[in-house]
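The primary structure of each chain is shown beneath.
Number of protein chains: 4
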Amino acid sequence: MPEVVFTVEQAKSMRDQRVPGHNRWHPDIPPAVMVKPGDTFRIECKEWTDGQIGNNDSANDVRDVDLDVAHMLSGPIGVEGAEPGDLLIVDILDLGPVPQEVGEHCGQGWGYSGIFAKVNGGGFLTDYFPDAYKAVWDFQGQQCTSRHVPGVRMTGITHPGLFGTAPSPDLLASWNQRERALIATDPDRVPPLALPPLANGVLPGTATGAAAEAIGRDGARTVPARENGGNHDIKNFTRGSRIFYPVHVPGALLSGGDLHFSQGDGEINFCGAIEMGGFIDMHVDLIKGGMEKYAIRNNPVFMPGNVEPRYSEFLTFIGISVDHRDNSNAYMDATLAYRNACLNAIDYLKQWGYTGEQGYLILGTAPIEGRIGGVVDIPNACCSVFLPTAIFDTDIRPNAEGPRRTDRGQVCVTS
Amino acid sequence: MPEVVFTVEQAKSMRDQRVPGHNRWHPDIPPAVMVKPGDTFRIECKEWTDGQIGNNDSANDVRDVDLDVAHMLSGPIGVEGAEPGDLLIVDILDLGPVPQEVGEHCGQGWGYSGIFAKVNGGGFLTDYFPDAYKAVWDFQGQQCTSRHVPGVRMTGITHPGLFGTAPSPDLLASWNQRERALIATDPDRVPPLALPPLANGVLPGTATGAAAEAIGRDGARTVPARENGGNHDIKNFTRGSRIFYPVHVPGALLSGGDLHFSQGDGEINFCGAIEMGGFIDMHVDLIKGGMEKYAIRNNPVFMPGNVEPRYSEFLTFIGISVDHRDNSNAYMDATLAYRNACLNAIDYLKQWGYTGEQGYLILGTAPIEGRIGGVVDIPNACCSVFLPTAIFDTDIRPNAEGPRRTDRGQVCVTS
Amino acid sequence: MPEVVFTVEQAKSMRDQRVPGHNRWHPDIPPAVMVKPGDTFRIECKEWTDGQIGNNDSANDVRDVDLDVAHMLSGPIGVEGAEPGDLLIVDILDLGPVPQEVGEHCGQGWGYSGIFAKVNGGGFLTDYFPDAYKAVWDFQGQQCTSRHVPGVRMTGITHPGLFGTAPSPDLLASWNQRERALIATDPDRVPPLALPPLANGVLPGTATGAAAEAIGRDGARTVPARENGGNHDIKNFTRGSRIFYPVHVPGALLSGGDLHFSQGDGEINFCGAIEMGGFIDMHVDLIKGGMEKYAIRNNPVFMPGNVEPRYSEFLTFIGISVDHRDNSNAYMDATLAYRNACLNAIDYLKQWGYTGEQGYLILGTAPIEGRIGGVVDIPNACCSVFLPTAIFDTDIRPNAEGPRRTDRGQVCVTS
Amino acid sequence: MPEVVFTVEQAKSMRDQRVPGHNRWHPDIPPAVMVKPGDTFRIECKEWTDGQIGNNDSANDVRDVDLDVAHMLSGPIGVEGAEPGDLLIVDILDLGPVPQEVGEHCGQGWGYSGIFAKVNGGGFLTDYFPDAYKAVWDFQGQQCTSRHVPGVRMTGITHPGLFGTAPSPDLLASWNQRERALIATDPDRVPPLALPPLANGVLPGTATGAAAEAIGRDGARTVPARENGGNHDIKNFTRGSRIFYPVHVPGALLSGGDLHFSQGDGEINFCGAIEMGGFIDMHVDLIKGGMEKYAIRNNPVFMPGNVEPRYSEFLTFIGISVDHRDNSNAYMDATLAYRNACLNAIDYLKQWGYTGEQGYLILGTAPIEGRIGGVVDIPNACCSVFLPTAIFDTDIRPNAEGPRRTDRGQVCVTS
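Chains as they are written, first to last, in my numbering: chain A, 6 to 420; chain B, 6 to 420; chain C, 6 to 420; chain D, 6 to 420.
Read the hints as simulated data drawn from the structure, not as lab findings. Mixed in with the good hints there might be a few duds.
Same chains, same label: a pair holds when it works inside one copy or across any pair of copies.
[As the list claims (entries may be wrong)] With a cut-off of at most 16 Å between alpha-carbon atoms, the simulated EDC-like pairs for lysine to aspartate or glutamate come out as follows:
hint: 1; residue 1: K298; residue 2: E406
hint: 2; residue 1: K123; residue 2: D331
hint: 3; residue 1: K293; residue 2: E406
hint: 4; residue 1: K41; residue 2: E8
Model the full assembly from the supplied sequences, consistent with the hints where possible.
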């Protein structure tokens, strides 16, 4: 087991850890620890909301969640010798829930996935599922099950939702500029188009005084993916993966968290992954001047590992960029096409007795693949969802007799 | 070898075949042949432009292509007993280029991929590559190489780009209504937002007289994917796949073509797949009333086969929904995110000596996977391109020394 | 389609082809054709018995087969510039049954697998199945089914059972010496321990006179694998594979045949593979002096291709080197351990209604994996058979309720 | 984390644990703990020699090892309600080295593989490598490397070498009968043909007095696989696997250990796997009367998990049942064929600068596949070794230039 360079006690808030983490992106958040190229080490992580969600049968905690404090990140890890223009190589050696512990804190043998209420940001299908829901998942090795989604057992592609390097001041400014411009196009929208910096709820790591204030005032919210990495929600950042991160500040300042036990491509119900606290073991190295050498400027590049679960049979649902509710046609809109593919899959699952909410949560949590089919055949983008059939305890393939509709209860609702 | 129920002589136009095919979707195109549920049969196909592109070193034919005649489809195949509301099961038993022939016609041992000029519709990156280009690929078993893209050898996931059932009159009307409404939002756009029915170039199968005239007037263009299937350009419709098509008219009237030797997810350079004439062996069956039973209403569902090439190492490029040229931010736009992932991959390949056009054609033709990462983390959708490293004759992974830049010539250009 | 350098008319015996093949290994069989390093070409092949087995419902032809004429090989192909000590690189670009033909000759849309009678050599389980049996398989693309083994559909790992280079005179002499020595240890055994040269039935290619006589007198039988390659029966020599053959004579003199549509590891029922006539497309090249450079002296080395069918769920049966009939223990005998693993699998399949003969033929033909577990834990070798569950039309995994025993008829028997 | 029902302190001998384990198979070893069908629990294990081997650079400890005390097993675990004739379902939920610990005891961040001296039992190639050797491996997540085998990094298929249920008195007697009969055929052989019961070194669990004495006198040695499971050394018993064990005594009495971080098929250098102490999480259930229902009488059946590392490129070496030293021919001897395949692979690796001992240890530890090719083509069995190329830091495929021979040091030797 490698040395733990960032420790987390799961029973405490990230604010109360020996060295606190942070929940904004800003170049002035001081490194929590320094490591060297070639080092192997462990980071411990809180679940992304800092522990607001419980192992119970109500979705009230999802409905009432305070998102100003998210995502709670571990770090920053400073890397000696890293300079702007380098590539930071991160090998994910291992990761998982909180080791050797069973308990009430998320990651101690369990995780959850939630559908956010529309007023709280919603998810990918928020127009169809505007309320809050939740499912709790129990971990058994690399597999998990949920009492709220019976009949499903999946092998998780465990991964961090969010890792990234610190932005330079200029890069941060460019983010704030472009996101504020976007918000300005429809400032009162619910849910909003983007989230501007917000002093409320900020945790600036070990920064204090004016630095802490600046972090609250200008620090970028952690929700999206950006040029530093960030909230990729790419399920394939799993054990054995190697990621090449652009370095924008001296020391690189790598931070992350938002660990997922399993997630489908798109993380469609927003906290649709199975969220958990836990640990991640990594090895870091540098390619000096690598950004220019390899023209890796806008986003990280990565190589997936070789221990993802093998599923070989899929039921695949297709969607096109048409809104079938009013038969209106969007132009080459892959987002809409993927939304339709997901809706088609949910409609199918309902024929087997799953509720729409269960279907939605299955797509968010199971290792589904979200593929871009065609994006050039005007006017319709075409996307597809590959659903592995082996996660179900019954044969869900179409056959001449029709589906067997079984009562499977429901996920957690609000009271 | 199963019975050939639709024959094509590659040296002749689709118009001059014993039984001609068609190039519009319309319920009144008469079946070319009737088959029974449970039947196994072969269909032969022309390349999608009806043979306008040659095995040469100039892109002039791509620039000057007449697209009014595309896509040239084989069929319709009527299925006895099929009624609206059924699901038509199609098993793809085998498919490939023109068997046992080497020659000058596309599919006789070779295929091509092209980048269309912007004035001709363009491709996914037409703002970056506005001119016409071409590469010719030689087939060797399931592998292919191109004299225009040296250093690449790929195992094709051979598939039909386009198959579908005939629309009902009502469904056809709804397509025309919504696509005309879309065009009306920006009628002079280049390239256009969608393509309305067009009498010029129409081939109505064996229809004549008033029926032929109606097909030219109202028949839907074959470019996009729609509720009948259509131009999915899903590379995983390969050998061993099973597809469940909605049936909208009596007899189902299945037609198709646009065979691809290999294609990357997205078919990003429009005729970016390696196009070819060839054959497809299939088995059909019915699930009576299957659309309602399984809630498969909007689009086909399919199960991919188990003989796709296994690639286990990928270099993966990420893109987000930001236009990096002017640092403007789009809201959850997976199309833009995927475009950026592709641009990032091309920039990387350029460091190894590939031209941008070669890189673009590699992404269009190689069995890359286009994945939707996150589509809920406002404001940035996050998509990724998985590029199999084994298709390159050199190790293209990042390393400390930097890329080896080799002169690799160029694809075909226009004169 | 590459040039055909060795043609076969399936309706004729190998003896009556334009250029006849051969059925013994001998350095003096003249090349049927010469090719160059870098060439791509096609060879056509007869089924291994030269067409003695029919598409019917009786095993009499298997019982009465004349094996003196087997295996009928296509070739030799001479490779210009190849010299003893080189490695001959053979890329298998494609292979399959007789293309574009349906008919009565094996490979024209069908193949067979047989269990040989003990008096005729028997198979791996001949003490348990001493009589002759047969099953006929119909091909559909890369899949096949048999009216004699209902409930099974498999995707074939199509491959040549037998390819090899010609032995040098010294190498041939060493084979004859060691095999005669083995036979001498038990000369009257039924089945025999090995097969010595045999003039009866010999086909010496285009050799005549004294050369032909020598080939009959000294030519090695084609049954086993030896230092030249030979009858490997390795199912993974499939499309996309690259094989490095030792070269023992000038020109290498590559010959082969014994094509299999599908086969399980071990080819346990002797002609247990699904046998067929057909074609093989290959590309050849040389590594000069490669045998010494790479210490590849005793046997070929190969790299499997990447288009084998993906099966991800297996039921695995284990065997150890004990004869359970009399509870006697053999020392580290992997052959016996594998035999027990096969017997255990057959016993299991019988609980589902398959006859022992059907089970035996399933193991011989399906893409099962035969693995060596432990060969060091005295006294018991431990081997296992991985049976892909997806080839069965019912779920054959153990469950609490017990197996569903269904009448599935029987394979062909003798009359 | 599931409840630990059998605990091990790595710093102590198995004899000194709170509840000691055992090192013989005997029905009278009392259960260390009882569990129920449906239970999930953890067992902790010592490395198989009870800690005789150190993390150092000498093979003296391998040479001097006391094997009378091996294998040290954890258990027995009694399962309530299990009766002879049932099948015990064991799901391997997770397993690995000693969690959260780095230290001097095997499994605390490291493991070893050894080649045993011939006088000490030897390994599969003991005639070629008669002396003792060792390599120490460091664990990093699911990957490992060794300072003694530079240039190799492998992803382990972590698994238990040895698990089994207790034999009934009759079954135990039949083992002793047949193994003594085998030994009697050559009683003075070095290494011996089998190992009879041995009072020296016995650890009888919690048994005392006459029971302990009987266990020493009659208890079966743990070396081979037998009808109860036992030392399978099947590398695919990994995370996610399900095993169906025959039950021979009331309570089933499941015991095991001999955990391997990684191992190649055959475990050819005897303790050729990467040995370690650690833990295993499992879930148990019963199929009442399952042995008869499913005809699972002689050996366990299992289903491999779906998280094994994916390797897609292999260099495959073939061997046949000929002793190339004196050109003598054995009849259908898969053990010899596999030995030759291994020797061929080692010869090949030597051309790249690995010593024979390094090559031997690579084959024993890396996730190589040992396949049975043909076992019916008289007189030569044909086996093959699939070596994944991705475990090497250089491209080891044959090419026209020849291998690059690099000095890679040597494994640990004796002093």
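Exercise. Which of the numbered hints are not met once you compare them with the structure shown?
Worked result: 2
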